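Student: Starting from the given sequences, assemble the full structure and let the hints guide the process.
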Amino acid sequence: MSKESDSSNRAIQVGATAGANVVGRDLVNINEASSLRDQNVKSLVLQLEQEIQDDQTKSQWIENLEFFNIDHIVDEIEGLEAKLDHAGRQKNIKLAMRHKEMFAKFLAKFSLYESAQILISKCLHEIHQGFEANVHPECEELSIAKIDKIIYNDVVSPIVSQYGFGAFSLDHGLVSGMTYWLADRCYVRWHS
839 MSKESDSSNR
849 AIQVGATAGA
859 NVVGRDLVNI
869 NEASSLRDQN
879 VKSLVLQLEQ
889 EIQDDQTKSQ
899 WIENLEFFNI
909 DHIVDEIEGL
919 EAKLDHAGRQ
929 KNIKLAMRHK
939 EMFAKFLAKF
949 SLYESAQILI
959 SKCLHEIHQG
969 FEANVHPECE
979 ELSIAKIDKI
989 IYNDVVSPIV
999 SQYGFGAFSL
1009 DHGLVSGMTY
1019 WLADRCYVRW
1029 HS
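Numbered according to our numbering, the sequence shown terminates at residue 1030, and the numbering increases by one at each position without gaps.
It should be emphasised that the hints constitute simulated quantities derived from the structure, not laboratory data.
A quick note: this is a predicted structure, and the numbers were derived from the prediction, not measured.
Honestly, I wouldn't trust all of these hints.
[Unchecked claim] Taking lysine to aspartate or glutamate and the EDC-like style, the derived pairs with C-alpha atoms no more than 16 Å apart in a straight line are:
id: 1; residue 1: K987; residue 2: E976
id: 2; residue 1: K880; residue 2: E970
id: 3; residue 1: K938; residue 2: E952
id: 4; residue 1: K929; residue 2: E919
id: 5; residue 1: K960; residue 2: E919
id: 6; residue 1: K947; residue 2: D1022
id: 7; residue 1: K896; residue 2: E976
id: 8; residue 1: K938; residue 2: D1009
id: 9; residue 1: K932; residue 2: D1009
Tutor: Have a look at this one:
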């Protein structure tokens, strides 16, 4: 680039004021949908903390959470143990049962609060859709280790990153427990 064309792109902005951005050349705004989703999650967590403080409880589940209270049987393999056994994951059964129980206790505690129900239902729907989109299509072709890596990277970790803070504070164990809880209700499976 020549010196002449280089100097033609220069602007002096000393003392410049405007009702918005003062830009010498290009302004790039990036608005991500994920940041809006993050704000929604943060708002729900703050609402949950207020509900806990005010002891504001709810006696019934919201519809989006109630959705998972009904088993979704798609084949003859029902229940968590049967699903793990069928997928060749017998060594995971005891730990899976413990994770499922850990989530069941979390659910019993937090399902008293409407905002927690919303957060939990969002997580459960994300896990279900994550399995449908990323795990089930690969079950026949990939090894257990590769499937586990997909589950960790594409399902569990994103949920922990998005929901793992404040009073709601999900961790990998709880999200794994959600996964096993869903499997027990036939929404998640490790076979095609």
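Student: Please list, smallest to largest, the hint numbers that this structure does not respect.
Tutor: 2, 3, 5, 6, 7 and 9
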